[in-house]
Structure formats: structure tokens, C-alpha cells
Amino acid sequence: MEPFVTHTGRALPLRRTNVDTDQIIPAVYLKRVTREGFGDGLFAAWREDPSFVLNQPRYAGTTILVAGTDFGTGSSREHAVWALLDYGFRAVIAPRFGDIFRNNATKAGLLPVVLPEKTVALIQDAAEAVPPGAVTVDLDKREVRVDGGGLSELLVAPFQIDDYTRWRLMEGLDDIGLTLRNEDSITAFEATRPSWLPSTV
Amino acid sequence: MSSAPRTLAEKIWDAHVVRSRQGEPDLLFIDLHLVHEVTSPQAFDGLRAAGRKVRRPDLTLATEDHNVPTTGITGPGVPLFGPDSPVTDPVSRTQVEALRKNTAEFGIELHPMGDAGQGIVHVIGPQLGFTQPGMTIVCGDSHTSTHGAVGALAFGIGTSEVEHVLATQTLPQIKPKTMAINVEGALPDGVTAKDLILAIIGQIGTGGGQGYVVEYRGEAIRALSMEGRLTVCNMSIEAGARAGLIAPDEVTFEYLRGREHAPQGADWDTAVAYWKTLPTDAGAVFDHEVTIDATALAPYVTWGTNPGQALPLSASVPAPGQTRDPGATERALTYMGLTAGTPLNQIAVDTVFVGSCTNGRIEDLRAAADVIRGRKVADGVRMLVVPGSMQVRAQAEAEGLNAVFTAAGAEWRSAGCSMCLGMNPDTLAPGERSASTSNRNFEGRQGKGGRTHLVSPDVAAATAVTGRLTAPADL
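Those protein sequences? They're chains V and G, same order as listed.
Numbered per the working numbering, the first sequence finishes at 352, counting up by one with no gaps.
Numbered per the working numbering, the second sequence finishes at 1194, counting up by one with no gaps.
Hints were generated in silico from the structure; no laboratory data involved.
No residue lacks a Cβ here, since even glycine has one placed at the ideal position from N, Cα and C.
There may be inaccurate statements among the hints.
[What the hints assert, rightly or not] Simulated DEER-style distance windows between Cβ atoms:
#	chain 1	residue 1	chain 2	residue 2	range
1	G	1004	V	350	32 to 42 Å
2	V	352	G	768	19 to 29 Å
3	V	328	G	1092	51 to 61 Å
4	V	352	G	1034	25 to 35 Å
5	G	1113	V	207	32 to 42 Å
6	V	191	G	1149	17 to 27 Å
7	G	969	V	289	23 to 33 Å
8	V	322	G	741	17 to 27 Å
9	G	835	V	207	15 to 25 Å
10	G	896	V	324	47 to 57 Å
11	G	1000	V	324	48 to 58 Å
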């Protein structure tokens, strides 16, 4: 995956809570057997409404999605992450994420950033301002900065992310390769498993 | 020497740590990896691209469930291609074909459509005895939490993690927090496991369990059958919890005894002795506790577009200002075509769906059949009854349940995910309204523009009879 260190761009304000992964990418798009091209299905049902925020020309080229709480709930479909990446998003900011979505995002190089509701609302305000604020998601410093967009001063919002996930994202590392460095430990563990555990073959 | 008291989840976790290091996630061993056609093709491609093998095909099991149709399945060996194939959508066919090629190439056991062992992945695991207490189980499907009902730590994963488990039989995981949901008292007559879990989600919200493994405890949980427990744990993810657990007890052991892949003979005794050590120790501390009064519950139904938007069937559609999230309520009412103040039991439906990994097991079908026996599906209403597995279907037919449903005017189908998720021919049309025993009432979940009310099998059957949301007691 592509490393993520810091990214500056404009934000898309999605003022909705409980955006489940069925909305991010409806099931009919899940029949593909590849990882590419899911951007066309991103928010497919909502995009049929011309006034939907993603359809507004002023938000074309935005790269940071700023959503309400409980973003990415429901289905485990990683296609939701692939659709956001394919459309051009590099990070999603929300007060809370679905656990599986957040995990999937960090495996594929999309940075999920948890910030308090009030901060998220400020960033959404700045995204809607004319001209909009510039949003920087700095994984190295673990902070989001918003410049302009009607803010009287630079907004600096620190966020938390565990050291390991941060390191992996910044290096763009494949988890499987890292785990296989410990293959001896896996083999040793396997030797201790009780013989009565079920086998499928 | 005695160790500190631990919860059930902590015991299973500790028993599966392959490697633990400060500042890193624990590397957990996975005892069983379930695979289906939708979330696996890209994972197998990843293995091939990296020149990797499946480390433990003997701990991996595949089935076709999400996009296979539930009609035209004539038996084992039903063709995937040609004029006799029940799969008419070429894209679905490609995905099923990919699963067949991948499982053959990597030596994984597959239950294809028509096979006697085929069914929804979360129905066949427990049914075959693969799902056992103390195990770690994963699947590229969020409803993997179902398997927690037997006391296994089971959770849904994405496709990157599917590839990781295929390649290493392990997953790096940050230890989740623990939550106890104590359900005190007994459920009143006519109140089911589905009503209980809808009430729980309604109370703690769709994000209430986020970051936690939930253990369901208390008198009402102990009194549930294994099938009811599977229903409760199934919907843990709808409260945000990746995993839900219930401590193994005699109900669990009786359910597992004699199942095809359960331990046999002396192994059985060894296994049971181990399983009895798993329940949460007295004095173990949960990070969070919630208490639910079972005696106050009634049949529940959802009115909105997430499973937390649920109320007793005797209530009315709420106004935005009466809810926690007025904006979300307003959007939901518009999508659902509902007006605040309308009694829920006056809402007319077009379709009734009984099935899914939530409520597609034999007990669910028996409950629905008991309500509809000798009655008729209302004019203008279609009712689909879709067994969760071919084994459930065979058992239901042996008990004559299919005859009860067809005599009432319902359709009797083959096993699959069916109308739960809008990926196969069983869908709602735009604007069509359903009472569904499935797990998600998200916008478009059962088909673009479809409107879903989540209910128990009992309420589903009563609703089919009257054509509006109805509790059996009101028939």
C-alpha cells in the first residue's frame, strides 16, 4: 500500500451520522473479483440526488472526508475502503468509526482519524466556507491542522493512533510480510494445539 | 498459585497469543477460517501475486451463500453454467466460479450450492459442530459474531485480513475492551431472542459496543436455547461490537454432543473439561457493564434505517425531537415513508422474509410455522421462507414445516443469504416495504429503495397473516 505520512487537501463535509458501509458501497457492486474501480459505486444511491454533497462541483477534487459519528458501521466489506481510495480520498475524519471499517482502512492505506464531535463540526464549517480551509492530516505529528475557511486562527487538533499502526501506515508495510517474520512462533504454537480441535479436511 | 480473575474473552484471547510484544498488537492464532464468494477473490489473488500458499487449508471452510439464488437448486451438482444453471447473473456466476477455482487450487473444502452441507456460513459452522467453545473464528463477514453463542471468540474481518489469515493462520490484533450486558429476569411469554437483541441495540445504540467484545450474561441469557443465543450474538455487530460471547454451559454441550465435527469419545470428555474452565471468573472486571430488565421487554420492531432505531411494536413512529439523533430520524422517516405518530402496528407491508444468519435456523422456522399454521398469508403480501442451510431445509421438510408454509401461501426456498442483503435475485423493489427477520434495515439493504422493518420470526409470520406489523398475541 501507499505510505501515508502527511496529506494536505480540501475536505468533503458529509453531515450525516451512522453512514453504514452499505451506503458507502451498495452490495450490487460487490460482485467484482478485483480491487480496482470501485470509485464509481461510492455512495451510489445517494449520488442519484443532484444536491448530494459529492455531486456539488465546489467539492470536486476533495481528498479528506469529514463525516458524522459512527462512520463505516455494518458490513465488513473492505470494498468500502477501496471505493473511497479509488475515488481519491486519503483520509476520513469522524468522531467514531465502525471497528471493522477502521481496521480495513489501515490495511489498505486510508487513514481513519478520530476527533471530538465539536472539532469535526469546525472542520466541516471550514470545508463549507468560501473559500474553504486547507486541511492537513499529519500522521507523523498525529494532528490535523485547518488553515483558513473562516477560522480566526490555525486549528490544531491532536488525534490518537497506536504506534504500530502509525508506523505501518507511514512505511506502507504489508502486514503479511511482517507476520511471516515470526513464522517460527506460529509453527511452535501449532505444535501445542489440542488434537481434538476440529479440522475441515 | 492463582492468577487474577479473567473474563471469558480474556481466557480465549490468552490461549491464542502466538506472540506478544510491548507496543505491538498481539499475534492471535485462528482456529477456524470461514470463507464465502464475496469477500475472498481479491485475497486469493493477493496470495497468488505474492507466491504464497494457504497455510492451513485444514482449518478453512468455504461455502456459497451470498449471491446464489434460492430457486432452481435441483440438488448436488446443479450446473453453474448453461441453460440449467440457476445463476442467471453473469457477474454472480463469475464470483462463484472464482471461489470454486480458488478452493480447488488451494485445497480448501467447499460446500457448493445444491450440496447437502451448503448454507449460510454462520449457520453451517455451528450446525456441523465446527464452532466450539474457546475457539477463535474469523470470516470476511461482519456476522461472524454469531459463533460467539457457543463461547467462541468470533469476529468479522475485511479482505486484507482474509488474505492474512489464509497466508499465516494468524491475525495481529489489538486487545479489545470487555463489556458485560447483564440481562436480568426472565423474558415474558411471546418475547424472543430477536426482540431482546433489538431492545439491547435500541438501548446502547449502533456504536455502543464499538471497541468492545460483549459478553451476554444473566438469567434471560442462560434460559435461551442455543439457537436463540446464536440470534443474540449474531447482531452484536449492529451494536458496534465485533464479537459477542455467551459462556458455554450444559445448553452448549447438549447442542454440540454428537455433531459431525464435535469431539467424540474420550476427546469429548477432555474437551468438556476444558470448556468448563472458560466462563468468566468470579471477581473478573469488565471495562463496562450494562443491565437490561428482561421482564419489561415486548416484541420489538425497527422503524428507521439502522438497527438502533427500534421500539416495542405497541409504540408509535417517533418524532425527530423524541429521539437521540433528530437529524438521523428525520432522514430515516423520509426514506421509510413514515409519519411520526403512526402506530407501528398499523404499518402495512408488501413482503415478509423469514430467513438469514439471524433467524434462518430450525427453531426460527418452527416458530414462524406455529404462528401461521392453519392461517393464510394476506392478499397482496408475498412471504418468503428461506432456510439458513440445506440441512435446516431437510429437517424442516421432515417435520412438515414446508407444507405449513406453502399451505398458507408462502414460498419455500433453498438455502442462502437471500433477501437479507440485495446481492442475489431475492430483493425488494423500490418503495416496497418488508417485515424481515434479517439483521439490517439500512437504506437499500434489501434492494435499492426497499424499506425494511426488522422483526422476529413470530412477528414476521403474524405480519404475513394481517398484512401489517403484528404480534402473534394480537391475531
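Subject >> Hints violated by the structure (numbers, ascending) >> reply: 4, 5, 7, 9, 10, 11
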